[in-house]
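S.K.: Line order of the protein sequences matches chains Y and X. Heads up, the first sequence is in numbering that gives the first Met the number 0, so the first residue is 0 and it goes up one at a time. Heads up, the second sequence is in numbering that gives the first Met the number 0, so the first residue is 0 and it goes up one at a time.
Think of the hints as simulated: they come from the structure by calculation, not from any bench. Since this is a predicted model, take the numbers as computed values, not measurements. Yeah, the Cβ is synthetic: ideal placement off N, Cα and C, and Gly gets one too. The reader is advised that the hints may include incorrect statements.
So, partial list: chain Y residues that the calculated Cβ filter (under 8 Å) puts toward chain X [what the hints assert, rightly or not]:
1) Thr21
2) Leu74
3) Glu77
4) Ala80
5) Tyr81
6) Ala96
7) Ile99
8) Val100
9) Arg121
10) Val234
11) Thr290
What the simulated footprint calls covered on chain Y by chain X, stretch by stretch (three residues with Cβ under 8 Å from a Cβ of chain X suffice, anywhere in the stretch; the number is not a length) [to be verified]:
12) 32-42
13) 101-113
Okay, the calculated beta carbon distance ranges per label pair [as the list claims (entries may be wrong)]:
14) Y:Ser38 to X:Arg285: 38 to 44 Å
15) X:Glu116 to Y:Glu76: 19 to 25 Å
16) Y:Ser38 to X:Ala145: 20 to 26 Å
17) Y:Ser38 to X:Arg135: 52 to 58 Å
18) Y:Glu188 to X:Asp144: 52 to 58 Å
19) Y:Leu288 to X:Pro110: 53 to 59 Å
2 protein chains.
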Amino acid sequence: MRIVALAGGIGGARFLRGLLHTAPESDITVVGNTGDDISLFGLRICPDLDTVMYTLGGGINEDQGWGRADETFTLREELAAYDIGPAWFTLGDRDFATHIVRTQMLDAGYPLSAVTEALCDRWRPGVRLLPMTDDRVETHVVIEDADGRRAVHFQEWWVRLHAGVPAQSIASVGAEDAKPAPGVLEAIEAADVVILPPSNPVVSVGTILAVPGIRAAVAAKTVVGVSPIIGGAPVRGMADACLTAIGVDTSAAAVAAHYGPDLLDGWLVDTADAETDVDGIAVRSRPLLMTDVEATGQIARAALDLAGELSS
Amino acid sequence: MRIVALAGGIGGARFLRGLLHTAPESDITVVGNTGDDISLFGLRICPDLDTVMYTLGGGINEDQGWGRADETFTLREELAAYDIGPAWFTLGDRDFATHIVRTQMLDAGYPLSAVTEALCDRWRPGVRLLPMTDDRVETHVVIEDADGRRAVHFQEWWVRLHAGVPAQSIASVGAEDAKPAPGVLEAIEAADVVILPPSNPVVSVGTILAVPGIRAAVAAKTVVGVSPIIGGAPVRGMADACLTAIGVDTSAAAVAAHYGPDLLDGWLVDTADAETDVDGIAVRSRPLLMTDVEATGQIARAALDLAGELSS
């Protein structure tokens with residue numbers, strides 16, 4: 000079976016591990032969000048791609064869900080001694096190596112998709128990992144606090160401010176002029192099913208869908224999503240702050256309606272949301288907590304089963 | 000007293016520590032060699048400037064004479080896991096931070112002299128450290144081995160090949176078009192004495208003197224050198240391999256004659272070389288082993304005394 004998944008960071012990566020567990024023989028292409036990418040210390044950092052790569056490649060810090068296992072922080076300590084910031088974005092020494100290799104290749108002229116492929120030569124994630132685009136797209140958030148009204152990089156809002164200041168709007172700068180990375184549209188067109196993992200519907204899946212051509216290609220396929228909202232709250236992270244910014248309720252039903260029946264065919268919600276009903280979308284409920292690989296595999300299997308049911 | 004010293008790496012840095020010890024009230028400007036600089040992993044590395052900065056700033060690895068004390072090597076291990084080389088140039092995590100800060104500033108448009116000043120804000124080396132030039136000068140070495148005749152970067156010859164393959168010639172690529180960094184000529188012109196520490200006379204001091212304008216400015220002053228050769232062998236390093244490449248004997252006398260009486264006024268040699276006699280240059284002998292800061296301070300003091308004697 001040919002599967003395409005549109006993934007953000009932690010939630011997407013954990014779901015993908017379950018998907019690989021339950022469907023190891025499948026041909027899986029992951030289209031990763033790059034709207035969270037940021038340049039720090041002169042290095043290009045792709046948090047979502049790396050989280051997927053490290054998680055599936057066995058290098059993730061399991062407790063925090065991002066960054067490398069067995070990490071050290073000597074470089075960070077030294078940069079602080081040079082008074083070079085920002086200090087709020089934590090980078091470990093092992094993680095730095097990834098960004099150094101990536102930046103060196105980008106500076107040499109390789110597109111991000113080729114760089115990602117080269118990095119995956121080491122990590123062997125078991126999926127084909129593609130950035131949504133080779134073009135630069137950066138999610139910015141308009142906020143207003145004591146420093147005034149201004150747009151900040153998504154990471155500054157998310158990591159430094161912990162999304163504690165309300166987002167007045169969220170924009171994917173550069174998205175409308177971006178082209179899908181080589182292979183993205185082809186993989187979607189060839190897919191038997193497209194899965195939307197329980198990633199952030201606004202700044203992860205939403206950003207991927209904002210790249211011209213991707214939404215239409217996905218909409219033409221059998222698409223099943225897994226709700227990132229359980230009982231009116233995000234399972235993890237601060238997706239509610241993003242949903243509020245774009246005027247969408249933090250509920251499984253509202254997120255499905257936001258994706259819309261033109262895009263989404265099936266929607267997997269938690270048993271807590273069993274009453275969910277969305278026009279034009281087939282809803283199924285089951286436990287959605289990704290407590291371990293086994294449980295996550297069962298969620299992924301349910302998504303594939305629903306896709307099979309809908310496409311038959 | 001205003002002192003200018005032209006310094007390479009380890010030998011120069013250790014001498015400078017003795018100079019600061021014996022003449023703490025002096026106004027010392029160090030003109031550092033940048034011909035050994037190299038770009039690796041997309042980062043700009045200035046080994047000689049860093050060795051001076053770390054040594055005088057208290058951050059040097061005392062045993063090896065270069066690199067940082069209390070160093071870790073996580074990043075190096077990760078780069079190797081990515082199969083990204085070269086592995087022969089050892090960079091520690093703490094050291095990497097310096098190169099990341101430097102590269103970020105250079106990419107932002109700051110000249111190397113401004114970057115060096117910014118790095119020294121942290122290290123407070125007690126001297127004014129200037130690169131010889133803000134322009135790119137790289138020392139290349141022509142060698143011939145099983146891989147054929149070719150020019151390699153100085154670091155490849157020095158570090159990877161341990162100067163084990165004879166150098167057929169040594170060239171400072173870019174030197175003839177380079178301009179002295181801001182402040183270099185002014186510092187030399189204002190100096191009471193210019194000191195040539197026991198640095199490599201070819202690839203360290205020689206490279207600095209190859210930047211147009213520097214040699215003439217130095218020659219106009221009272222100049223005292225400290226021989227890097229004791230009893231026909233370099234005190235440290237492989238200066239003999241460099242001297243041989245340019246047709247100069249490995250002896251205290253030959254190095255002084257190579258600098259020449261137009262440049263050099265006084266020459267400090269080891270007691271082992273007390274018989275040294277060079278036309279037009281005042282030679283003094285004393286123990287030259289820089290065994291500790293105290294002994295090194297006495298060598299520096301002898302150089303200053305000789306300069307005083309010659310300029311009176």
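S.K.: Evaluate each hint against the coordinates.
M.R.: Hint check:
{"no.": "1", "hint": "Thr21", "in the structure": "violated, 29 Å"}
{"no.": "2", "hint": "Leu74", "in the structure": "holds, 5 Å"}
{"no.": "3", "hint": "Glu77", "in the structure": "holds, 3 Å"}
{"no.": "4", "hint": "Ala80", "in the structure": "holds, 6 Å"}
{"no.": "5", "hint": "Tyr81", "in the structure": "holds, 5 Å"}
{"no.": "6", "hint": "Ala96", "in the structure": "holds, 3 Å"}
{"no.": "7", "hint": "Ile99", "in the structure": "holds, 5 Å"}
{"no.": "8", "hint": "Val100", "in the structure": "holds, 5 Å"}
{"no.": "9", "hint": "Arg121", "in the structure": "holds, 5 Å"}
{"no.": "10", "hint": "Val234", "in the structure": "violated, 31 Å"}
{"no.": "11", "hint": "Thr290", "in the structure": "violated, 31 Å"}
{"no.": "12", "hint": "32-42", "in the structure": "holds (count 3)"}
{"no.": "13", "hint": "101-113", "in the structure": "holds (count 3)"}
{"no.": "14", "hint": "Y:Ser38 to X:Arg285: 38 to 44 Å", "in the structure": "violated, 54 Å"}
{"no.": "15", "hint": "X:Glu116 to Y:Glu76: 19 to 25 Å", "in the structure": "holds, 23 Å"}
{"no.": "16", "hint": "Y:Ser38 to X:Ala145: 20 to 26 Å", "in the structure": "violated, 43 Å"}
{"no.": "17", "hint": "Y:Ser38 to X:Arg135: 52 to 58 Å", "in the structure": "violated, 24 Å"}
{"no.": "18", "hint": "Y:Glu188 to X:Asp144: 52 to 58 Å", "in the structure": "holds, 54 Å"}
{"no.": "19", "hint": "Y:Leu288 to X:Pro110: 53 to 59 Å", "in the structure": "holds, 56 Å"}
Going down the numbered hints, you'll see the structure goes against 1, 10, 11, 14, 16 and 17, while the others check out.
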